[in-house]
Amino acid sequence: MRLVLPARLRTRLSDYPQNGLVVAMNQMTIPQISPIPPMSLRWVAEHARLDVLAAPHGLDVEVGAPTILDPSAGAVVLAVGVDTPSARTELLRALGVAGAAAAVFRPPVEPGTLTEAERAGVALLTADHTLSWGRLHTSLQAASDLGPHEPLDDLFQLADTVAATVGGATTIEDPHNRVLAYSNLGHPTDPPRRQVILERRVPGEWVRNLRDAGVFHRLWRSEEVVKVAAFDAPGYRPRLAVAVRAGGEPLGSVWVVEGDRPLGVEAERALRSAADLVALDLLSSRAATHARGRGDAALLAVLDGRAASLLTREALGMAPVGAMAVIAFAPESSGMDGSAEEVAAARRVADFVTLTAAAYHRRVSCAVSGGRAYALVSDVDLARELAGKVVDRATATLRPAVRAGIGAAVSDLTEVVASRREADQVLNLLVGRAGPAVAGIDDVRARVTIERLRGLLREHPEFHGLSEGRLAALATQDAEKGTSWVATVRAYLDAFGDVAVAADRVGVHPNTFRYRLKRINEVFGLDLSDPDERLVVTLRLRLA
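Last residue of the sequence shown: 544 (full-length UniProt numbering), numbering continuous.
Just to be clear, a hint being listed does not mean it is correct.
Ranges between beta-carbon positions, derived for each pair [to be verified]:
1. E332 <-> T354: 20 to 30 Å
2. G507 <-> E385: 38 to 48 Å
3. S86 <-> D412: 28 to 38 Å
4. D392 <-> L69: 56 to 66 Å
5. G482 <-> D412: 54 to 64 Å
6. L541 <-> D381: 37 to 47 Å
7. K518 <-> G482: 38 to 48 Å
8. R458 <-> G507: 18 to 28 Å
9. I197 <-> L114: 49 to 59 Å
10. G186 <-> D381: 52 to 62 Å
Just so you know, the hints here were simulated from the structure itself, not pulled from any lab data.
By construction, the Cβ of each residue, glycine as well, lies at the ideal position given by its N, Cα and C atoms.
Take these sequences, add in the hints, and give me the full structure.
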């Protein structure tokens, strides 16, 4: 098998031409060292998990190294301790004059500060309170030191590359001794490595052995390659290990088992050089993981009306502009109490959403909240068909049946919360009732409006007067004397004033029905010829 090393690693290893293995693998001209590509605002935000609230020059503008309150050209300035609107305005003006690229604040950010950032031509980013300024600076410095790059296909390919270059079976581990990837090129190995690969982490016994031997102390406190001599264990082979860092931040470690030939000075140099390449890929892998996780978090934030960052659409995998709609899914038995069983069922429904969307060659953002699964779709014309397919698949697998409610299409992220509210209200009408399994807001808008009015009655005591007055007097006499005044009024309104139809519904002669209407007006003062009176009575009867 012929392996081709990435250009960056080939370049660094060219300093050691006496390494016969590298020369044999690379019968080609070694390229010159290319400069580290510049960082963009987009890369900074994705790597450091920042939200972009303003980007006067776009997301692909070049940015420089991070600084703390230092208004230098191109810098990403961490506004440590700048928490008041006036102080933020003053800082942004200074940054604009100095030509700084971006400022990072703690949320919330006032509208006036956003306006000032646009005026100053400075991008405005926010960092979560859970991320310390020190950790943020370290993370940004790491990105600045190494720069963005095109990662390899995966870490396993990278482990193979390192193994072929250094000359031994290789594993890549995180700082907690969990195996991220390992080589598979047929190099000699030993029982401890086989155990590590089987368990996908370094067993506790070996962690203690390495700690007691001072290996971890040397590994994490030095940038040099650490030699791990033979342990008193059957079949054990010596090793080389090197810590992987970026900007002083530990990202993991690389371990190479000695094979048929000793791992000498050239192997140590090769491993030291390879550590930088591993750091690049670990940074990209971490950024990709954050991006995937941020997709769920971003969708939940948008559904709750808490986010409208410029990067949110990208995190959701959506086009920069265009319509979108929310679909809410729930099992028939869902009680919206967020129990463990409901959340588990909702997660399975979310899986069906993702798989079904893939069949349509669409990417759909999906998240679970309160025992329901929510999908945000950009192809609103496909929403009903997608919802139907998901419901059919999930119902056949999960049992009980699954229902889906579709909110109205909206064009802005800030309006998604309204589409989600409508999707929930439609779903509330479907769950636990006979009827269709899928419905959109336009299918049931009248019923949804009634439910909204019921909610208003519960939340606003001033509307409780709807249950008082003349209609209340009719209901009281019905209860005390067994009359049917309320039924008469309801039949009349439901029949749009058609006495013959109304009389038939309550089982009396039309003349008898007309007499009852006359008595209702004379005794109780309820005049159903008055449109306002009819409207209020109709609402009260429908909301009861």
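Hint check:
no.: 1; hint: E332 <-> T354: 20 to 30 Å; verdict: 21 Å, holds
no.: 2; hint: G507 <-> E385: 38 to 48 Å; verdict: 46 Å, holds
no.: 3; hint: S86 <-> D412: 28 to 38 Å; verdict: 30 Å, holds
no.: 4; hint: D392 <-> L69: 56 to 66 Å; verdict: 58 Å, holds
no.: 5; hint: G482 <-> D412: 54 to 64 Å; verdict: 57 Å, holds
no.: 6; hint: L541 <-> D381: 37 to 47 Å; verdict: 38 Å, holds
no.: 7; hint: K518 <-> G482: 38 to 48 Å; verdict: 20 Å, violated
no.: 8; hint: R458 <-> G507: 18 to 28 Å; verdict: 34 Å, violated
no.: 9; hint: I197 <-> L114: 49 to 59 Å; verdict: 51 Å, holds
no.: 10; hint: G186 <-> D381: 52 to 62 Å; verdict: 53 Å, holds
In this structure, the hints that do not hold are numbers 7 and 8, in rising order.
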